[in-house]
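Student: Chain by chain, the residues run as shown.
Number of protein chains: 2
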Amino acid sequence: MDNTTGTRPTFVSHLECSLQGDHYPADQVHGLSKAGKPLLVRYDLKALSKSISKEVLAKRPTDLWRYREFLPVRRAEHIVSLGEITTPLIRAHKLETGGGTLLIKDEGRLPTGSFKARGICVAVSMAKALGITRIAMPTNGNAGAALAAYASRAEIESTIFCPDDTPEINVREIAAQGAKVWRVNGLINDCGKIIAENKDAQNWYDFSTLKEPYRIEGKKTMGLELAEQLGWRLPSVIFYPTGGGTGLIGMWKVFKELETMGWIAGPLPRMVAVQASGCAPIVRAFEAGAEYAELWKNAHTVAAGIRVPVAIGDFLILRALRESNGFATAVDDESIEAALMEMATREGLLLCPEGAATYAAYQQELAAGRISADDTTVLFNCATGLKYSLPAVTRRLDRENPIF
Amino acid sequence: MDNTTGTRPTFVSHLECSLQGDHYPADQVHGLSKAGKPLLVRYDLKALSKSISKEVLAKRPTDLWRYREFLPVRRAEHIVSLGEITTPLIRAHKLETGGGTLLIKDEGRLPTGSFKARGICVAVSMAKALGITRIAMPTNGNAGAALAAYASRAEIESTIFCPDDTPEINVREIAAQGAKVWRVNGLINDCGKIIAENKDAQNWYDFSTLKEPYRIEGKKTMGLELAEQLGWRLPSVIFYPTGGGTGLIGMWKVFKELETMGWIAGPLPRMVAVQASGCAPIVRAFEAGAEYAELWKNAHTVAAGIRVPVAIGDFLILRALRESNGFATAVDDESIEAALMEMATREGLLLCPEGAATYAAYQQELAAGRISADDTTVLFNCATGLKYSLPAVTRRLDRENPIF
Numbered sequence: 001m002d003n004t005t006g007t008r009p010t011f012v013s014h015l016e017c018s019l020q021g022d023h024y025p026a027d028q029v030h031g032l033s034k035a036g037k038p039l040l041v042r043y044d045l046k047a048l049s050k051s052i053s054k055e056v057l058a059k060r061p062t063d064l065w066r067y068r069e070f071l072p073v074r075r076a077e078h079i080v081s082l083g084e085i086t087t088p089l090i091r092a093h094k095l096e097t098g099g100g101t102l103l104i105k106d107e108g109r110l111p112t113g114s115f116k117a118r119g120i121c122v123a124v125s126m127a128k129a130l131g132i133t134r135i136a137m138p139t140n141g142n143a144g145a146a147l148a149a150y151a152s153r154a155e156i157e158s159t160i161f162c163p164d165d166t167p168e169i170n171v172r173e174i175a176a177q178g179a180k181v182w183r184v185n186g187l188i189n190d191c192g193k194i195i196a197e198n199k200d201a202q203n204w205y206d207f208s209t210l211k212e213p214y215r216i217e218g219k220k221t222m223g224l225e226l227a228e229q230l231g232w233r234l235p236s237v238i239f240y241p242t243g244g245g246t247g248l249i250g251m252w253k254v255f256k257e258l259e260t261m262g263w264i265a266g267p268l269p270r271m272v273a274v275q276a277s278g279c280a281p282i283v284r285a286f287e288a289g290a291e292y293a294e295l296w297k298n299a300h301t302v303a304a305g306i307r308v309p310v311a312i313g314d315f316l317i318l319r320a321l322r323e324s325n326g327f328a329t330a331v332d333d334e335s336i337e338a339a340l341m342e343m344a345t346r347e348g349l350l351l352c353p354e355g356a357a358t359y360a361a362y363q364q365e366l367a368a369g370r371i372s373a374d375d376t377t378v379l380f381n382c383a384t385g386l387k388y389s390l391p392a393v394t395r396r397l398d399r400e401n402p403i404f
Numbered sequence: 001m002d003n004t005t006g007t008r009p010t011f012v013s014h015l016e017c018s019l020q021g022d023h024y025p026a027d028q029v030h031g032l033s034k035a036g037k038p039l040l041v042r043y044d045l046k047a048l049s050k051s052i053s054k055e056v057l058a059k060r061p062t063d064l065w066r067y068r069e070f071l072p073v074r075r076a077e078h079i080v081s082l083g084e085i086t087t088p089l090i091r092a093h094k095l096e097t098g099g100g101t102l103l104i105k106d107e108g109r110l111p112t113g114s115f116k117a118r119g120i121c122v123a124v125s126m127a128k129a130l131g132i133t134r135i136a137m138p139t140n141g142n143a144g145a146a147l148a149a150y151a152s153r154a155e156i157e158s159t160i161f162c163p164d165d166t167p168e169i170n171v172r173e174i175a176a177q178g179a180k181v182w183r184v185n186g187l188i189n190d191c192g193k194i195i196a197e198n199k200d201a202q203n204w205y206d207f208s209t210l211k212e213p214y215r216i217e218g219k220k221t222m223g224l225e226l227a228e229q230l231g232w233r234l235p236s237v238i239f240y241p242t243g244g245g246t247g248l249i250g251m252w253k254v255f256k257e258l259e260t261m262g263w264i265a266g267p268l269p270r271m272v273a274v275q276a277s278g279c280a281p282i283v284r285a286f287e288a289g290a291e292y293a294e295l296w297k298n299a300h301t302v303a304a305g306i307r308v309p310v311a312i313g314d315f316l317i318l319r320a321l322r323e324s325n326g327f328a329t330a331v332d333d334e335s336i337e338a339a340l341m342e343m344a345t346r347e348g349l350l351l352c353p354e355g356a357a358t359y360a361a362y363q364q365e366l367a368a369g370r371i372s373a374d375d376t377t378v379l380f381n382c383a384t385g386l387k388y389s390l391p392a393v394t395r396r397l398d399r400e401n402p403i404f
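Chains as they are written, first to last, in this note's numbering: chain Z, 1 to 404; chain F, 1 to 404.
Each hint should be verified, as a subset may be incorrect.
No copy is singled out in the list; a pair is fine if it fits within one copy or between any two copies.
Dumping the calculated DSBU-like pairs for lysine-lysine here, alpha-carbon to alpha-carbon at most 35 Å [as the list claims (entries may be wrong)]: (1) Lys59 to Lys94; (2) Lys180 to Lys94; (3) Lys94 to Lys199; (4) Lys37 to Lys193; (5) Lys34 to Lys50; (6) Lys46 to Lys59; (7) Lys199 to Lys37; (8) Lys256 to Lys59.
Simulated from the structure, these hints should not be mistaken for lab results. The structure displayed is predicted, hence computed values, not measured ones.
The shape of chain Z in the complex, shown without the other chains (with noise of 0.2 Å):
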C-alpha cells in the first residue's frame, strides 16, 4: 500500500545548462542556468544500470515511484505521494488507422486528473528536500491542481496564478486544495511575469515550466512506463500535445538514457509536438528551420493546456523533434472538437481537448502519408475530460436528449 517508501539509491552527479552544458551542483536550490535556460539533471547511468535490471523492476508496485533510480529524490522521507499508479495504454479498436496500431496512452487517471502529477510530485518532492516552504507558479488549470494538492500534502504554501478566462472548475480545484490562487488579466506567461517580478520579495520558489529543474525529471516516467508497457519496445511515433513541452523533452531525455543504459534498441520513436493552429509558436519555428520560437500573438484555442505563447525549453522541443525525424504540427479547434466526440462515441474515451487535438493531428497526418500501415503510434491524453465543457457537447445534449 505505501508502495512509495522503499530505500533506494539514487544516481544523480550533477545538473547542467541545457544549452551550454556546465555543471551546477545537485542537492542545491536551483532555478534556471546562469544563461537562462532549463537545468537537466545528470545522472551516473553506469552505476545506475548495475544497480537494477529490468526483472527486478518487474516485480515491484506499478507506480511513479519503481522507477526511484531515475529520479532524484534520495531519501524516501521526502517522497510526497498521492498514489501515482501506471497509466493505461488502450488500444483504439474502431477508429480508422490505416492498417497501423493506435494508443492513447490515459493520463486522466493520475492524482488530480492530468499528467501534471508526475511533474510535480518530483518536484515538491526535492522542494521539501531542499527545505522550501512557499512555491508560486503560473498554470492554465490542470498543473496549478497538482501543486495545490502536493503541497498541501506536504506542508508547502503555494500560490497559484491563472488566466482569468480558466474555466471554474480549474479555479475551484485549485482553491480545494488550499492553495492561495489569483485570477490575473492576461495569458499563462503575463502570469509567469508576476511571480518572477515577486518572487523576491514573497520569498517564493519559482516553480514555472522548466523553471526548476525537475519537474521534467517526473514527467520522463511517462517514457520511462511506456517502454516497459511495451515490452522495452518503443512506439514508432508518439503524438504529443505540447504547450510548454516539458513531457516531450522528458521523454526525449530518458530514450536517451535508456540507450545509453542499453535497455532498448532499434530507432527511437519519431517525437511529433501536436499545438493548436491558434497558439503553434513551435510549428512556425520547426517548418521555419529555426532553433528558437518566437512569441504567438493573439494565442488562442479550446485547448487552453496548450495555449502557451512562449515556451523557455523551445530550442529542447526542436531539437527532439529535429533529433527524432519527427515533426510539429497544428490543428484548428473544429478539428479537435470533431475529434473528441469521435473518440468519446467509438471508442468511450472521454479526451482532454489538448488530448484530442492529437488525435485529429493523427487524422490529419494519417491523410498526408505521414504515418503509415507500419506505424505503432501513442497518443497522450494528458488530462481527464471531465473538466472541460466544450459547445460540441452541448449541440450533443440539445440535439439528441430532450427532458423527459
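Dock chain F against chain Z, hints included.
Tutor: Structure of chain F alone, referenced to chain Z:
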C-alpha cells in the same frame, strides 16, 4: 498493453437466488430471480483454487482483469475494457486517527472517474457475450457515465434516465460518450420505474443496480484488490458509502469466497455502511433489527450517489453488516462538506461527497469509540471529486482568493 486479452479458464457453475437459493443456469440472459430478488453468480471454488496461486497472480498486469478466474466472462474476445487499473490505497498521514491506520482507496482513477466502471465493465462484457444490443439504466450520474462509455465501446445502444436535478457535468458526460440520456422529474427509483414499465416494448435489458447479475461481480474486485494490496490480510474495518450497496455486497461475497479457498485467514473486516442523514434507509433498518429497509421519504443530501431511497439488495447489505459485526451510520451534509474540505486541504485528496461521507463517519465513530487504535480502516472514495461543486469550495474561493 492489451492486458485483457489473455485466454484464461473461468469457473462459473450456476447462478442462485440471493434469498431462496434456487439455481439458474449460467450463460443465459437473466434479470431478477423468480422471487424478485438479485441473482448471485456461483463458482466452482475448488477448481478455481487449483487453477491459480497468489504467486501467479502477482505477475499479471495490475488491472481488474488479473482476477479473470473470479469473474464470469468466459471468452477474452467479449471483454470490453477501457483500462481498469488497480486503484491506489493512500495512507492519511496528518489526520486524527486515534493511533490507528487510515487508508483511502481512491476509486476515482478508474475509467469515467468512478468505481461504477468496475461493475459496468463486467456487466457490459457479459451483455456482449449474451448478444444484448440495447441497455437501459437509471442513474444518479456516475453509473450512467460508465454505461455510456462501455456500451459505446461495445457498440451496444444505451439509454439512461437520471433525476432532473443531476448536475449538468454528469449529464454532459453521459451524452458525450454516446448514450441517450433523459432527465426525469423524480429520484433514481422513479427513473427505475420508467425502465421497468417500458423495457419490454423497447427491448431494453435492465441494468438497474442488482437487477442484472454481473455488476456485483465487477464490484467485488474492490475486495480482491484490497486483499492483494495488503498482502492477503484484510483491514479490520471498511467504511463504504452505501446507496444501492452493490460494492458492499460484492466485497463481502468475495471475502467469503477467498475464505472458502483458504486465501485469507483471521477475522474478516467489519463492514460499515455509510449513508446521509437525509437518506438513511439502511441505517434505520439496521438499528431496528429489520431484515428489509423501507423506502425513505423526501430523500435529500449533497451526496447524490447515496441518495437511494430504496435498495433491492437491502437484505444483502444488512446481512453483510451483521455477519461482519459491522454497523450502519449516517452523517449530515454539513459534516460531509467539512470532511471533504479537511481531506482536500490537509491530505491533498479531493474526494467526492460520498467518499467524504465515509471520512465524516470515521471521525464520528472514532469519537464514539467504535474505532480504536488497533484498527486499520479503509475508506472508499468512490469517484473523483472533480464532478462536484460544493458550496464549501465556493466559500473558500470567495473568502481567500480575490481577483488579481
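Student: Now tell me, hint by hint, if it's right for this structure.
Tutor: Each hint tested on the structure:
1. Taking identical chains as interchangeable, the C-alpha atoms of Lys59 and Lys94 lie at most 35 Å apart whether they share a chain (33 Å) or sit on different chains (30 Å).
2. Proximity of Lys180 and Lys94 under a CA criterion of 35 Å is satisfied inter-copy only: 21 Å between copies versus 44 Å inside one chain copy.
3. Taking the shortest alpha-carbon separations for Lys94 and Lys199, only the inter-copy value of 29 Å comes in at or below 35 Å, while the best intra-copy value is 50 Å.
4. Taking identical chains as interchangeable, the C-alpha atoms of Lys37 and Lys193 lie at most 35 Å apart only when both belong to the same chain, with a minimum of 16 Å there against 64 Å between chains.
5. Taking CA atoms no more than 35 Å apart as the test, Lys34 paired with Lys50 passes inside one copy only; the shortest distance there is 33 Å, against 64 Å between copies.
6. Taking the shortest Cα distances, Lys46 and Lys59 sit within 35 Å of each other both inside one copy (22 Å) and across copies (28 Å).
7. For the homomeric pair Lys199 and Lys37, the shortest alpha-carbon distance inside one copy (18 Å) is at most 35 Å, but the shortest distance between copies (64 Å) is not.
8. Taking the shortest Cα distances, Lys256 and Lys59 sit within 35 Å of each other both inside one copy (24 Å) and across copies (28 Å).
Violation of the numbered hints given earlier is absent; every hint is satisfied by the structure.
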